[in-house]
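With our numbering, letter number 20 in the sequence shown gets 443, and the count goes up by one each step, no holes.
Hint data in this document are derived by calculation from the structure and do not stem from the laboratory. Any given hint could be a false lead.
Quick list of in silico lysine to aspartate or glutamate cross-link-like pairs, DMTMM-like style, CA-CA up to 20 Å [what the hints assert, rightly or not]:
| no. | residue 1 | residue 2 |
| --- | --- | --- |
| 1 | K544 | E527 |
| 2 | K435 | E479 |
| 3 | K504 | E479 |
| 4 | K435 | E452 |
| 5 | K544 | E463 |
With beta-carbon atoms standing in for the labels, derived distance ranges [said to hold, decoys possible]:
| no. | residue 1 | residue 2 | range |
| --- | --- | --- | --- |
| 6 | Q433 | N512 | 36 to 46 Å |
| 7 | Q538 | F558 | 51 to 61 Å |
| 8 | E479 | S444 | 55 to 65 Å |
| 9 | P553 | D611 | 16 to 26 Å |
| 10 | G623 | Q538 | 42 to 52 Å |
| 11 | M454 | A516 | 51 to 61 Å |
| 12 | N500 | M475 | 16 to 26 Å |
| 13 | E596 | S551 | 23 to 33 Å |
| 14 | P553 | E517 | 38 to 48 Å |
| 15 | F558 | E463 | 18 to 28 Å |
| 16 | E517 | S444 | 23 to 33 Å |
| 17 | F558 | A447 | 52 to 62 Å |
| 18 | S606 | M475 | 44 to 54 Å |
None of these values were measured; they are calculated from a predicted model. Where a beta carbon is used, it is the ideal one built from N, C-alpha and C, also for glycine.
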Amino acid sequence: MNERIREARQIKHNVRHHIHSLQALAAAEDMDGIRSYLDEMSKHRLLQTAPMQYCEHASLNAVLVYYCDWVRHLGANVDVKAAVPQYININNAELCSMVGNLLENATEAITQQTQGERRLKVRIRYRSGPPAALFITVDNTYGDADTSIEQIDGDLVSTKHGGTGLGTATVRETAERHHGTASFEHSDGMFRASVMLCLGD
424 MNERIREARQ IKHNVRHHIH SLQALAAAED MDGIRSYLDE MSKHRLLQTA PMQYCEHASL
484 NAVLVYYCDW VRHLGANVDV KAAVPQYINI NNAELCSMVG NLLENATEAI TQQTQGERRL
544 KVRIRYRSGP PAALFITVDN TYGDADTSIE QIDGDLVSTK HGGTGLGTAT VRETAERHHG
604 TASFEHSDGM FRASVMLCLG D
C-alpha cells in the first residue's frame with residue numbers, strides 16, 4: 424500500500440510537467456507530437472492497472488500483489504491465476520514463506536535478464552478434496568541464452584553465494600512436511616517450479 428501511495432504521489436507530481444509539454448505542442452499545432460506524447464504516456468508503467476486481489480486468502484494475496492507488481496514494473500508479462508479460499512489447513516507464515524521464496528527466485532531471475540521477453544506465469548489452485556490439496560506452479564524466464572543453472576546433488580546452486588539455494592530447499596522441506604512434492608525444471612530459457620501439498624486433516 425505504501426508503494427501504491429508513493430506512486431500516486433509521483434504521478435500527481437509529474438502531471439503539471441505533462442500539461443506544460445502538451446500545451447507547448449498544442450501552441451505549435453503539432454498534432455502528431457501530441458498523439459505521440461499521449462501514446463507514450465498511456466504505456467507508462469505507473470498508469471497500468473494492476474490487480475489488488477488475486478485470491479480470497481488475504482496473506483497469500485499480499486505476497487502475490489507484492490512480487491507480481493514488482494515483476495510487472497520490470498516490464499515483464501505477468502499472468503497470474505489463483506483460486507485459494509480465506510481459510511485452508513496450513514499456517515499462514517509457512518504458506519507465505521514458501522510462495523514468497525518461489526516468487527523471489529523468479530523475480531531475481533527475471534531481473535538478471537538483459538535480452539528476450541521477460542515472463543512470469545503463476546498458477547495456484549486449492550482442491551477441497553477429500554483429500555484437500557494445494558497445487559502451485561511458477562514459470563519464469565531467466566538470464567540470457569548462455570545462462571546455465573547449476574545443481575549440486577540434485578539441489579539448485581544459489582546465484583548469490585554459490586552454495587545450494589536456501590529458498591528452494593525451504594520449499595522442498597515444506598512440501599515434504601505436508602506429504603507433498605516439489606520439483607524444479609528448466610529448459611529453453613524457462614524455469615518451472617511445481618509444488619503439491621496435501622492439506623487433509
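Results of checking the hints against the structure:
In summary, the hint linking K544 to E527 is supported, as the alpha carbons are separated by about 13 Å, within the 20 Å threshold. Straight-line distance between C-alpha atoms of K435 and E479 comes to about 31 Å, which puts the hinted pair past the 20 Å bound. A threshold of 20 Å between alpha carbons decides the hint, and for K504 with E479 the separation of about 12 Å falls inside it, so the pair holds. For the suggested pair K435 and E452, the alpha carbons sit about 26 Å apart, so the restraint of at most 20 Å is broken.
Our distance criterion of 20 Å between C-alpha atoms is broken by K544 and E463, whose separation comes to about 26 Å. Our hint of 36 to 46 Å for Q433 and N512 holds, since their Cβ atoms are close to 41 Å apart. At roughly 32 Å, the beta-carbon separation of Q538 and F558 lies outside the given 51 to 61 Å, and the hint is violated. Hint check: E479 to S444, Cβ distance near 43 Å, so the stated range 55 to 65 Å is violated.
Under the hint 16 to 26 Å, the C-beta atoms of P553 and D611, about 38 Å apart, miss the expected range. One distance hint, 42 to 52 Å for the beta-carbon pair G623 and Q538, holds here, with the actual separation near 45 Å. For the pair M454 and A516, the supplied restraint of 51 to 61 Å holds, since their beta-carbon distance comes to about 56 Å. In this structure, N500 and M475 meet the distance hint of 16 to 26 Å, their C-beta atoms being roughly 19 Å apart.
Checking the proposed 23 to 33 Å range against E596 and S551 shows it holds: the Cβ atoms sit about 25 Å from each other. A beta carbon spacing of about 21 Å between P553 and E517 contradicts the range 38 to 48 Å that was offered as a hint. At roughly 40 Å, the beta-carbon separation of F558 and E463 lies outside the given 18 to 28 Å, and the hint is violated. One distance hint, 23 to 33 Å for the beta-carbon pair E517 and S444, is violated here, with the actual separation near 50 Å.
Between F558 and A447 the CB atoms are about 54 Å apart, so this pair conforms to the stated range of 52 to 62 Å. Look at S606 against M475: about 31 Å separates their beta carbons, and that is not inside 44 to 54 Å.
Of the numbered hints given earlier, the model fails hints 2, 4, 5, 7, 8, 9, 14, 15, 16, 18; all others are met.
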